[in-house]
Amino acid sequence: MRFFEYESRQIVKAAGIPVSAHGFARTPEEARRIAEEIAAPVVIKSQVLTGGRMKAGGVRFADTPEEAAREAEFVLGLEINGHMPRGVLVDSKVAVKQEFYAGVVWDGIRKQPVMLFSDMGGIDIEEVAETHPDRVGRGHFSNLTEVSDYEAKQVIASIGVTGSALTRATPILARLARLFVRHDMTLAEINPLALLEDGRFVAVDAHMDMENEARGRQQTLLKALGVGDEETRQAREATPFELAGEEVDAQDHRGVAGNVTEFDGNLGLVIGAGGGSLTLFDAVRAHGGKPANYCEIGGNPSVAKACGLAKLVLQKPGVEKIAVMMSIVSNTRVDIVARGVIKACLELGYDPAEKIAIFRIPGAWEDEGFKILKKYGVEYCDRSVSMHEAARRAVEKIQGVAA
Amino acid sequence: MPGTFIDVDVDPAVASDPALAAKLTEVCPVDIYATGGEGGTLSINEGNLDECVLCGLCIDAAPAGTVRVVKLYDEGAVLSS
Amino acid sequence: MSILIDETTTFIVQGITGREAVNLTRECLDYGAGAQIVGGVTPGRLGRDVHGVPVFDTVAQAVEHHGGPIDGSVVTVPPAFTKDAVLEAIANGIKLVVIVTERIPRRDVAQMVEFAKQHDARIIGPNCLGIIVPDVIKMGGIGGPAKDAAKAYTPGSVGVISRSGGMTTEMSSTLTAAGLGQSTAVSIGGDAIIGSSYAELMPLFEADEQTEAIVIYTEPGGRMEAELAKWVTENDSRLPIVAFMAGRFMDEMPGMSFGHAGTIVEGKADTAAEKIARLAEAGIVVAEEISQIPDIVKSRIAERSAV
Ligand code: SF4
Chain A
19 MRFFEYESRQ IVKAAGIPVS AHGFARTPEE ARRIAEEIAA PVVIKSQVLT GGRMKAGGVR
79 FADTPEEAAR EAEFVLGLEI NGHMPRGVLV DSKVAVKQEF YAGVVWDGIR KQPVMLFSDM
139 GGIDIEEVAE THPDRVGRGH FSNLTEVSDY EAKQVIASIG VTGSALTRAT PILARLARLF
199 VRHDMTLAEI NPLALLEDGR FVAVDAHMDM ENEARGRQQT LLKALGVGDE ETRQAREATP
259 FELAGEEVDA QDHRGVAGNV TEFDGNLGLV IGAGGGSLTL FDAVRAHGGK PANYCEIGGN
319 PSVAKACGLA KLVLQKPGVE KIAVMMSIVS NTRVDIVARG VIKACLELGY DPAEKIAIFR
379 IPGAWEDEGF KILKKYGVEY CDRSVSMHEA ARRAVEKIQG VAA
Chain B
5 MPGTFIDVDV DPAVASDPAL AAKLTEVCPV DIYATGGEGG TLSINEGNLD ECVLCGLCID
65 AAPAGTVRVV KLYDEGAVLS S
Chain C
299 MSILIDETTT FIVQGITGRE AVNLTRECLD YGAGAQIVGG VTPGRLGRDV HGVPVFDTVA
359 QAVEHHGGPI DGSVVTVPPA FTKDAVLEAI ANGIKLVVIV TERIPRRDVA QMVEFAKQHD
419 ARIIGPNCLG IIVPDVIKMG GIGGPAKDAA KAYTPGSVGV ISRSGGMTTE MSSTLTAAGL
479 GQSTAVSIGG DAIIGSSYAE LMPLFEADEQ TEAIVIYTEP GGRMEAELAK WVTENDSRLP
539 IVAFMAGRFM DEMPGMSFGH AGTIVEGKAD TAAEKIARLA EAGIVVAEEI SQIPDIVKSR
599 IAERSAV
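Protein chains in written order, with the numbering used here: chain A, 19 to 421; chain B, 5 to 85; chain C, 299 to 605.
Source of the hints: derived by calculation from the structure; they are not laboratory data. You may find that some hints are simply not true.
[As the list claims (entries may be wrong)] Covered stretches of chain A (chain B as the covering partner; in silico rule of three or more C-beta atoms under 8 Å from a C-beta of chain B):
| no. | region |
| --- | --- |
| 1 | 317 to 329 |
| 2 | 349 to 361 |
| 3 | 381 to 393 |
[Unchecked claim] With a straight-line Cα cutoff of 20 Å, these simulated EDC-like cross-link-like pairs (lysine to aspartate or glutamate) come out:
| no. | chain 1 | residue 1 | chain 2 | residue 2 |
| --- | --- | --- | --- | --- |
| 4 | C | Lys415 | A | Asp142 |
| 5 | C | Lys415 | A | Asp216 |
| 6 | C | Lys566 | A | Asp227 |
| 7 | C | Lys449 | A | Glu386 |
| 8 | C | Lys449 | C | Asp433 |
| 9 | C | Lys528 | A | Glu84 |
| 10 | A | Lys392 | B | Glu79 |
| 11 | C | Lys449 | A | Glu260 |
| 12 | C | Lys445 | A | Asp202 |
| 13 | A | Lys389 | A | Glu372 |
| 14 | A | Lys393 | B | Asp78 |
| 15 | C | Lys566 | A | Asp385 |
| 16 | C | Lys566 | A | Asp142 |
| 17 | A | Lys389 | B | Asp21 |
| 18 | C | Lys566 | A | Asp81 |
| 19 | C | Lys566 | A | Glu145 |
| 20 | C | Lys566 | A | Glu414 |
| 21 | A | Lys393 | B | Asp11 |
| 22 | A | Lys392 | B | Asp64 |
| 23 | C | Lys445 | A | Glu145 |
| 24 | A | Lys393 | B | Glu79 |
| 25 | A | Lys329 | A | Asp385 |
| 26 | A | Lys389 | B | Asp64 |
| 27 | A | Lys389 | B | Glu79 |
| 28 | A | Lys334 | A | Glu260 |
| 29 | C | Lys449 | A | Glu84 |
| 30 | A | Lys308 | C | Asp433 |
| 31 | C | Lys528 | A | Glu372 |
| 32 | C | Lys445 | A | Asp385 |
| 33 | A | Lys308 | C | Asp549 |
| 34 | B | Lys75 | A | Asp385 |
| 35 | A | Lys111 | A | Asp81 |
All C-beta atoms in this analysis are idealised placements derived from N, C-alpha and C, irrespective of residue type, glycine included.
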């Protein structure tokens, strides 16, 4: 889950890393007050969970509190990549001598976190790493013992930083590394980390991403920041259709009907499980089909859950037929899913044979499942028909409908 | 009312025996049986009938031949334990 | 032969009294020659048994009861307790840990992996279904009940490595139907950090005489395919590899995760397109459909033996 910049700054500050004087404002009036307190020129920054705010005009400068209020009003009304800002950060404009970068990310290959430090701050670090690899210092560190300051020092010194800049930046990078581990971050970066004229370092922008799986044990942090359980902070906000999918999944604890995601096609998908869904979604598209949704069923869902999901998909505007497909199942039962999807058709007054373009779930209890499908005249197939072939048949049927 | 796919048929002698009703309620993994009848006798949660996993535990829990699980999708075939 | 496990492998099941673990235990006992599950561990349940497997409070008790080192453990405890269970297994001399549990934070996975490395132990998973050596032994829920697993998996010469548990079975079944058996199939898990990646399992397959080719299932997210491509190039591997990449549609949806926790396109190197290019550069054929895999495998094996 992603944090807003104003939250990231709080996290960084709580870890003992100096930040420039700033405040978070939801209204122009609040922005004016913060600017008055800072009593110096300020920067107004849009608080959105998306990149590219600079380009979009979401970062403005103001010399007076009045100007700050005006600019805040503008930024508060500015949509960026489909996101409306939650507020603005009113930041003091600091006298920067040089911009640095400090960051910590996971290295999935080494299976350790890695500290990154560069004297080319203020720009995208991946770009720096490509164009000036010698200007990015790196250091992996253990997860079993707490990271030591010298490890951060080595990383910074490796790109030739010395003198007081080295001694002052060292604890900042080390603290960032510790907070990364302590708070289950997947990304913690300060960019730019500004070296001021007076020799101090302050964080001017910070970006934090926390692992979703760790939300449970990071409650203290989330409470302190005022982040509620209902805030998913996903890359894109859930649509009503997707929220309804979550409700279907939550109605009982048997199995999953997860990751319901909306698309605008005409072929509804009741597919599973994780890898199977990815494969099948690709397969439908490869044959020219237009999926109306993505989803992952698995873990032996109840008839009611399979039925609820199928109903949701069947009722989605534009859906003409559904395809019920999975990779070979061993835990989920073919007959239970068959009952669920047929029931969904019947309850909505549809003929299952007409609405279900294809049923391709081989595996546990398939003989029993096939009996049910046969009785209702639904086209089904066993493992001898590949996932791609099943998807092709479904697409063919629906294109016949459209013609 | 039967389910769309499954029905259960219990002999009156079993259904009216609170001890057997309690036993059926306990064994069924999907709560098809309940002791909601008068004096703790058997009642059927009709809404759950289609959730039957065909495990046969109810058939084993009652005297032979007194509980029948019917597969409506299979020409009324009866589940054997 | 096989990799990781064979008919002599002994293992325990941690969290054995859980519902899924009870099923998994049954399945493993029934499959092939019958797994030697020498104990189960659930704290507070000492003295019980699950399908005849004695339950202990600690791994140490299981080892003592067995009277010697135990080879492996299947860990099925809830996410909050997984790290502790894995550390306990490794500290008690277990060298192969299969972690079934999903939704474990990366920090915990990294700690377990680091601890395993220090103790010369190996982790498979988390969020995986385990390992199967067709007709011999399975360790984990892979393939499901014994009779279902027997339908999908047959002994043979193809090593299978997959980030998806279900797709391990789908691909193996496709191979089986085409007359290609498997030497060992490993479900490695779909998380961002896992105990054993493709490249880390390759040396084992390379050393296994029975294995003549490798089939992998892969997804967007992470750098594991690049690591494999690098390994193959640097080690001049004798094994032809055929890959299948699912989730190509995700390239258009950066920042979103589907299927498994590890599938998230964060940078250019994470995309399906980029991975396919990397694999191809290393001479790894990427099949468009699963049904094409058997023929590609056959022709690649034939090419190699013709050289
Ligand atoms: S067969 Fe099993 S699930 Fe079905 S009614 Fe009997 S006990 Fe319940």
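Status of each hint after checking the structure:
no. : hint                     : verdict
1   : 317 to 329               : holds (count 3)
2   : 349 to 361               : holds (count 6)
3   : 381 to 393               : holds (count 4)
4   : Lys415(C) with Asp142(A) : 34 Å, violated
5   : Lys415(C) with Asp216(A) : 46 Å, violated
6   : Lys566(C) with Asp227(A) : 18 Å, holds
7   : Lys449(C) with Glu386(A) : 17 Å, holds
8   : Lys449(C) with Asp433(C) : 10 Å, holds
9   : Lys528(C) with Glu84(A)  : 58 Å, violated
10  : Lys392(A) with Glu79(B)  : 12 Å, holds
11  : Lys449(C) with Glu260(A) : 36 Å, violated
12  : Lys445(C) with Asp202(A) : 42 Å, violated
13  : Lys389(A) with Glu372(A) : 17 Å, holds
14  : Lys393(A) with Asp78(B)  : 8 Å, holds
15  : Lys566(C) with Asp385(A) : 45 Å, violated
16  : Lys566(C) with Asp142(A) : 13 Å, holds
17  : Lys389(A) with Asp21(B)  : 35 Å, violated
18  : Lys566(C) with Asp81(A)  : 39 Å, violated
19  : Lys566(C) with Glu145(A) : 11 Å, holds
20  : Lys566(C) with Glu414(A) : 34 Å, violated
21  : Lys393(A) with Asp11(B)  : 16 Å, holds
22  : Lys392(A) with Asp64(B)  : 29 Å, violated
23  : Lys445(C) with Glu145(A) : 53 Å, violated
24  : Lys393(A) with Glu79(B)  : 9 Å, holds
25  : Lys329(A) with Asp385(A) : 24 Å, violated
26  : Lys389(A) with Asp64(B)  : 25 Å, violated
27  : Lys389(A) with Glu79(B)  : 10 Å, holds
28  : Lys334(A) with Glu260(A) : 11 Å, holds
29  : Lys449(C) with Glu84(A)  : 75 Å, violated
30  : Lys308(A) with Asp433(C) : 41 Å, violated
31  : Lys528(C) with Glu372(A) : 50 Å, violated
32  : Lys445(C) with Asp385(A) : 14 Å, holds
33  : Lys308(A) with Asp549(C) : 17 Å, holds
34  : Lys75(B) with Asp385(A)  : 13 Å, holds
35  : Lys111(A) with Asp81(A)  : 9 Å, holds
Going down the numbered hints, you'll see the structure goes against 4, 5, 9, 11, 12, 15, 17, 18, 20, 22, 23, 25, 26, 29, 30, 31, while the others check out.
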